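Line by line, the protein sequences give chains A, B and C. Per the working numbering, residue 160 is the first one in the first sequence, and the count goes up by one each step. Per the working numbering, residue -9 is the first one in the second sequence, and the count goes up by one each step. Per the working numbering, residue 1000 is the first one in the third sequence, and the count goes up by one each step.
Rather than coming from a laboratory, the hints here were simulated on the basis of the structure. Bear in mind that the values here come from a model prediction, so they are computed numbers and not experimental data. Even for Gly, the Cβ is constructed at its ideal location relative to N, Cα and C. Just so you know, not all the hints are guaranteed correct.
Now the stretches of chain A that chain C is said to cover, found in silico as 3 or more residues with beta-carbon under 8 Å [stated by the list, open to error]: (1) 258 to 266; (2) 302 to 312; (3) 337 to 348.
Label pairs and their computed distance ranges (CB to CB) [to be verified]: (4) B/Arg407 x A/Ala169: 54 to 62 Å; (5) A/Ala345 x B/Ala368: 18 to 26 Å; (6) B/Leu52 x A/Asn237: 52 to 60 Å.
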Amino acid sequence: MEIIHLLFLAFAALAVVAAFNVILQRNPIYSAIGLIVVLCSLAALFLTLNAQFIAAIQIIVYAGAIMVLFVFVIMLLNVREEEARTDRQKYLKLLAVPLFVALLAEVVVVIRYVNATPPAIPNPNTVSDPATSLGTVESLARGMFTDYVLPFEATSVLILMAIVGAMYLARRESPAEVERIEQALAADSAAETGADGSPHA
Amino acid sequence: MQLDTLNLNYWAIAPELIVSLVAVVLMLMDAFSRKGGRQANAFVALIGLIAAFVAVVRLGGLAAGGYFGGMVVIDPTRLFFAAIILIVAILAVLLAGQFLGDEGLPPGEFFSLLLFATSGMLLLTAAGDLVTVFLGLEIASITTYILAGYRRYDVRANESSLKYFLLGSFSTAFMLYGMALTYGATGTTNIEGIRQAIASESINFPALLLLGAAMMLVGFGFKIASAPFHLWTPDVYEGAPTLVTGFMGTGPKVAVFAAFIRVFIGGFDVPIAGVGLQLHNGWIHAVAVISVITMTVGNIVAISQKNIKRLLAYSSIAHAGYALVGFVTGDFAPVAFYLLAYSIVSVGAFGVIQLLARAGDQKTMIDDYAGIGFEAPALTFPLAIFLLSLAGIPSTAGFIGKFYVFKSAWVTTPSLRYLVVAAVINSIISIYYYLYPIVVIFFRPLAPGFVRPRMQKATALAIILTIIGTFYLGLLPNRLLKSMEKGQPARITANQPGTK
Amino acid sequence: MVPLSWYLALSAVLFTIGVVGVIVQRNVIVLFMCIELMLNAVNLTLVAFSRFLGNATGQLFVFIVMAVAAAEAAVGLAIIISLFRNRETLNVDEADLLKL
């Protein structure tokens, strides 16, 4: 058992415990913190997998931007703790033992089966040119701007659309907008009760 | 990878480029214009969509195969499905003016989002790689979540948007997991590459390939609202604004079918001995079972519905089941034709209901429409025709669609004939709930105080176009069917499930 | 070297915990966090395969998935805010206006 195995087990255990925390906590802020711990332990695991850039991005984007957004929204909406235990929570207790057995079974099956025929593992650390070794910014950039140039540009369309949509849904209604909607709805119901000019249909 | 081997040809993505560019132009128009830009927005959007349609037709002139490093492909499946999506988008733009005008909602964002959704759907039909499938799917889906909640003041729309969002994200996670496992088993995310890996039997972990395909099937099943993944779909359809329901029940579904065809028939379906055969038999039987359950559940539950939008939601679930029959039996021309017939009729029906339900979707119960049959014939006659087409009455597009699908299924796959039998029985059962609104509309006494809704010219044009389409496909389908058959993409080859 | 199966087992466990969370949770925001947990499990699978196949494709795919997850989070939270404006609760069980 080398150091790397111990590190893996430590971070994996941390991730699993934090994941349970996410689904079991009553206060949403504690769930958010649990998710942040999961993200950070996954970032550590990415480092063991020669994915240095992805690990950094995980911390910066996922834990640093997305989770911050979550915490902002929880604070903004002033979400309180859940009220006293209801049937859902009892549900969860019933689910606990079968879930635990299923998780254990998954681990055993995957380890037994996938171990059966491992292919040869190429070792990127023996290569001297960073552009060809896995996980460096150069190799990712090379792939991103040649093979993956179309998905890259399509992602920009996605982000633009998400910005437009999120701003539309979350913005406060201006008085002009409220008035326009009310006028339109009033005009329609006035037409309906028989006061309109020239019905087409 | 050198740049010159990537086949970077901008004409290959011309439709998507045009639609995205026009969407951005619409955003700029909205930023710089004064109030009341609705007509101008609709006009520019229409021009953009028609230009994209021309671009799709021109794609036929390019060599078939992969472009941009295999990320997009050009093949007949893409051409036909992209055409269907653009037709749906054009109809939606025509009908949107009515929706936005009646309710006073801001038009700029709506048309931009509509066009972004269309570009996502076009990308999805063009996808040649799992990454592009994922991206196209997400662009189309996220935009539709936003559109479902466009009527911000209405709680039902908010709830519909939320449920659609949760359902959609959940299913995306399943599909992604399937993609990850497939990548691990085959070493590539390119669909053509996956096919070659299976064919040359160089799969790293066969069990992971089967599991990955199963999870992708679950993901796709959620997206086309097949049973047993359909649970929140009727709620979503009921709460969203009627026009958006019409759009989301047709456009994204058609695009997902195209990707489904390309991934499963084009990628996974290599029936050689070993994993290939297991996969082939496995997914065909799974989809056949899903198809039967979907049809049956959709039809049975639709019988008890009293809300017209929920009724049409369950009916669209059933129609996904019928389309899957065509899919499983390996002929794509029928699936494409069926979806075209279904989309045109569905958008038309929701366009009419949008008017009947009045601004804000106040009147969506079938009983609200009692007796209005001869008071508003320009609306109710088309609605009756659309309902009859959905039921599959002869001389309508729906009949030809069903006939073509059932006939080809019966002929090409003898071992799956039970699907056709189930589908015919279900079609007969469905006639009841399609006739019920027609009976209520025409043969019940009229409640006092009904006033005909005011219809805009664009709406009238859209309804006329859909009626023409319904009868054209129902009475003169041969030209279209011949051209679809000529460009037939790969069928399921030789081995029928269970015979080898 | 840590075997591939360990990483796959961990990601399967995280994915399952996420699925259970989605089914059981009543708070909409925590439900969405469980979906994010599922997406992260997928990211781990992709990066693990990328390492063991020597292929950068997995890492590139993860890059795209992260960008999409960010956009989805923004839209999802906007939808939740929009819903919250009209109803003062975040309890999924009470989002039942649409059931007949």
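Hints versus structure:
1. Here's how the region 258 to 266 of chain A fares: 5 of its residues keep a CB closer than 8 Å to some CB of chain C, so the rule of at least three is met and the hint holds.
2. Check on the region 302 to 312 of chain A: 6 of its residues sit with their Cβ under 8 Å from a Cβ of chain C, so the three-residue criterion for coverage holds.
3. A count of 0 residues in the region 337 to 348 of chain A with a Cβ less than 8 Å from any Cβ of chain C is obtained; the coverage claim is therefore unmet, three being the minimum.
4. Evaluation of the 54 to 62 Å hint for B/Arg407 and A/Ala169 yields a pass: the beta carbon distance comes to about 58 Å.
5. Judged by the Cβ atoms, the range 18 to 26 Å given for A/Ala345 and B/Ala368 holds: they are separated by roughly 25 Å.
6. Separated by about 56 Å at the C-beta atoms, B/Leu52 and A/Asn237 satisfy the suggested range of 52 to 60 Å.
Violated hint: 3 only; the structure is consistent with all others.
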